[in-house]
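J.: Listed below, chain by chain, are the residues.
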Amino acid sequence: MATTLTGAGVSLSTTTTRVLAKPDTGMLRPPCLNHPWRLHKFEGRRLRIQAMATTPERISEKVVESIKTAEEVCAGDPVSGECAAAWDTVEELSSAASHERQKNKESDPLETYCKDNPETDECRTYDN
Amino acid sequence: MAMCTVYTAHSLNSSCSISTPTKTQLGFHQKQVFFYSTVKKTSRRGSSNSSEITCSAESKTVVIGLAADSGCGKSTFMRRLTSVFGGAAEPPKGGNPDSNTLISDMTTVICLDDYHSLDRTGRKEKGVTALDPKANNFDLMYEQVKALKEGIAVEKPIYNHVTGLLDPPELIKPPKILVIEGLHPMFDPRVRELLDFSIYLDISNEVKFAWKIQRDMAERGHSLESIKASIEARKPDFDAYIDPQKQYADAVIEVLPTQLIPDDNEGKVLRVRLIMKEGVKFFSPVYLFDEGSTISWIPCGRKLTCSYPGIKFFYGPETYYGHEVSVLEMDGQFDRLDELIYVESHLSNLSTKFYGEVTQQMLKHADFPGSNNGTGLFQTIIGLKIRDLFEQIVASKAAAPLEATKA
Chain A
26 MATTLTGAGV SLSTTTTRVL AKPDTGMLRP PCLNHPWRLH KFEGRRLRIQ
76 AMATTPERIS EKVVESIKTA EEVCAGDPVS GECAAAWDTV EELSSAASHE
126 RQKNKESDPL ETYCKDNPET DECRTYDN
Chain B
22 MAMCTVYTAH SLNSSCSIST PTKTQLGFHQ KQVFFYSTVK KTSRRGSSNS
72 SEITCSAESK TVVIGLAADS GCGKSTFMRR LTSVFGGAAE PPKGGNPDSN
122 TLISDMTTVI CLDDYHSLDR TGRKEKGVTA LDPKANNFDL MYEQVKALKE
172 GIAVEKPIYN HVTGLLDPPE LIKPPKILVI EGLHPMFDPR VRELLDFSIY
222 LDISNEVKFA WKIQRDMAER GHSLESIKAS IEARKPDFDA YIDPQKQYAD
272 AVIEVLPTQL IPDDNEGKVL RVRLIMKEGV KFFSPVYLFD EGSTISWIPC
322 GRKLTCSYPG IKFFYGPETY YGHEVSVLEM DGQFDRLDEL IYVESHLSNL
372 STKFYGEVTQ QMLKHADFPG SNNGTGLFQT IIGLKIRDLF EQIVASKAAA
422 PLEATKA
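Keeping their order, the protein sequence lines are chains A and B.
Start counting at 1 in the first sequence, then tack on 25, and there's your number in our numbering.
Start counting at 1 in the second sequence, then tack on 21, and there's your number in our numbering.
FYI, nobody ran anything at the bench for these hints, they're computed from the structure.
Given the structure is predicted, the values throughout are model-derived calculations rather than measurements.
Be aware that one or more of the hints could be misleading.
[Claimed, not checked] Partner residues are not named here, just some residues of chain A that face chain B (Cβ under 8 angstroms, in silico):
1) V89
2) G101
3) S105
4) G106
5) A110
6) D113
7) V115
8) E117
9) S119
10) S123
11) N129
12) T145
Ideal placement from N, C-alpha and C gives every residue a C-beta, glycine not left out.
Put together the whole structure using the sequences plus the hints.
T.: Structure, rendered in C-alpha cells:
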C-alpha cells in the first residue's frame with residue numbers, strides 16, 4: 026500500500042524501515058537452514074551467557090567498593106563536593122542494585138515463557 | 022501511530038476513523054490528504070459527494086512529569102500508572118539491556134538520568150552530585166521532549182547506571198503518553214511549559230530513612246551509618262535543586278510518619294497527603310463528601326470494623342506555596358478488601374470508569390509496596406486522573422478540527 030504525500034512530495038512505501046543499531050543478532054544467522062535446531066541451541070547459549078552477566082553480583086561488588094571509597098574521601102573533608110559526589114555514587118549504585126534484585130525476583134519461568142508463546146498448551150487461557 | 026478522522030463535507034453523521042501505518046516515525050509530520058467519492062450516498066444538496074480525510078501526525082502526545090528523589094517509589098508509581106492504561110511496561114526489546122526506558126502500548130517512560138552531561142567519573146572530578154543542574158544537559162532534554170511532543174522520533178542517549186557511563190543513543194518513537202521521570206523534570210522552565218501534568222513525590226526525612234534502610238540493609242557493605250551518611254551528604258543539593266520543584270507540581274504526594282501511633286519509629290504506618298492544585302486544565306481534584314469544605318472522617322465504626330491503628334481521612338482547602346490547593350489526606354492502613362471498597366465509595370471525582378475500579382487496580386498490584394496505605398491509593402487515583410486528562414486532551418484536539426470544517 027503506497028501512499029502519496031501531498032506535503033512533502035515524496036512517495037514512501039510501507040516497506041521502508043529505519044535501520045537501528047542491533048547488537049550481536051547479526052552474527053546469529055549462519056547459513057545452516059538445514060539444521061534449525063542448531064540455530065536455537067546457539068541462541069540458548071547466548072541468552073544464558075547474557076543472563077549471567079546481569080546478575081546482581083557485579084553491582085553488589087560495586088556497591089561495596091563505592092561505600093569504601095566514599096568513607097575514605099569523606100574522612101578527609103566531610104563537607105566537600107567530592108564527599109557528596111562519592112555518597113551520591115553509593116546511592117545511585119544501591120538504587121541500581123535494588124532494581125536488579127526486583128527484576129530478577131520477578132522472573133517466573135512460566136510467565137516469561139508464556140509471554141512469548143501464548144498459544145502453547147501450557148499458556149492457553151479459557152475465559153468463558 | 023497517526024489517527025485519521027473522516028469528515029464528510031456535507032453531513033457529519035457518518036464519520037469513521039482509520040489508522041495508517043506509522044510513517045511519522047521517520048521524522049516527517051505530514052498531512053496526508055485523500056480524496057474519494059462515495060457511491061451510494063445521496064447528498065441533500067445534490068452536489069458532488071466527496072469526502073475529505075485529513076490525517077494529522079501524532080501531535081497528541083501528552084507529556085507527564087514525575088519528580089522524586091532516588092529510592093522514593095518512582096518505579097512503583099510508573100508500574101501503577103502504566104497498568105491503569107493497560108499492558109505492562111517493559112524495556113525496549115533488542116536494545117541496550119541497561120536501558121532505563123520503559124515502553125508499553127500507550128505509554129513510554131523516559132528516565133531523565135539519560136540527560137546527564139557528566140558521567141560518574143566526570144562528576145567525581147568536578148565534585149558534583151547528580152542532583153546538581155551542572156551535571157545535566159537541559160538543552161537536550163528540552164529539544165527532545167519538544168520533538169516527541171510534536172510527534173518526531175528522537176535518538177535519546179542512555180545513561181548506564183551500572184557502569185556510570187553514557188552509552189550510545191536509542192531510538193524513541195513518540196507515544197500517546199510520554200512520562201518523564203527523574204530528579205529534574207520541572208527544573209528547567211522550558212521543559213515545565215511542555216508538561217501537561219506534573220507530579221512530585223515528597224517523602225519526609227524520617228520516612229525516607231526508613232525506606233532506604235528497607236532497601237539497602239539486604240545489600241552487603243551497607244550499614245545504618247553508611248545509609249545515614251549517604252542521605253546527609255546529598256541533602257544540601259537536594260534541598261537546593263530538587264525540593265523547590267514541588268511548588269510547580271500540579272499534584273504532590275507527601276508522605277509523612279503517622280499521627281495515629283504515638284512515638285512510632287518503624288515507619289510502617291504512613292500518613293499520606295495528596296495535594297492537588299486548583300485550576301489546572303482538565304484536572305478536577307478528588308474530594309470527600311462536599312467539595313471545598315473541610316471534612317475529617319474516620320470510616321471505622323459501626324458499619325466498618327478496622328484493626329489497630331485504624332484509618333483516618335481529612336479533606337480541605339489550603340494554600341501551598343501561594344497556590345490554592347485541595348488536600349486529601351489518609352493516615353493508617355487498609356487491612357481488608359471491604360475497607361478499601363468502603364473508602365472508595367465515599368470519595369468523589371475519582372474519574373473511574375466503573376464502581377470499584379480503584380479497588381480493582383489496587384488488588385491487581387497487591388504485591389507492590391504501599392498497596393495497603395495512602396501511597397498506593399493516591400498513586401492509583403492519580404493514574405486514573407491522568408487517564409481522564411489524556412482522554413479530555415484527545416477529545417479537545419479532535420473537536421478543534423471539527424469546528425474548522427463546520428465553519
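J.: So, for every hint listed, does it hold in this structure?
T.: So, going through the hints one by one against the coordinates:
no.	hint	verdict
1	V89	holds, 4 angstroms
2	G101	violated, 12 angstroms
3	S105	holds, 6 angstroms
4	G106	holds, 3 angstroms
5	A110	holds, 5 angstroms
6	D113	holds, 4 angstroms
7	V115	holds, 5 angstroms
8	E117	holds, 6 angstroms
9	S119	holds, 5 angstroms
10	S123	holds, 5 angstroms
11	N129	violated, 13 angstroms
12	T145	violated, 20 angstroms
Hint check: violations occur at hints 2, 11, 12; the rest are consistent with the structure.
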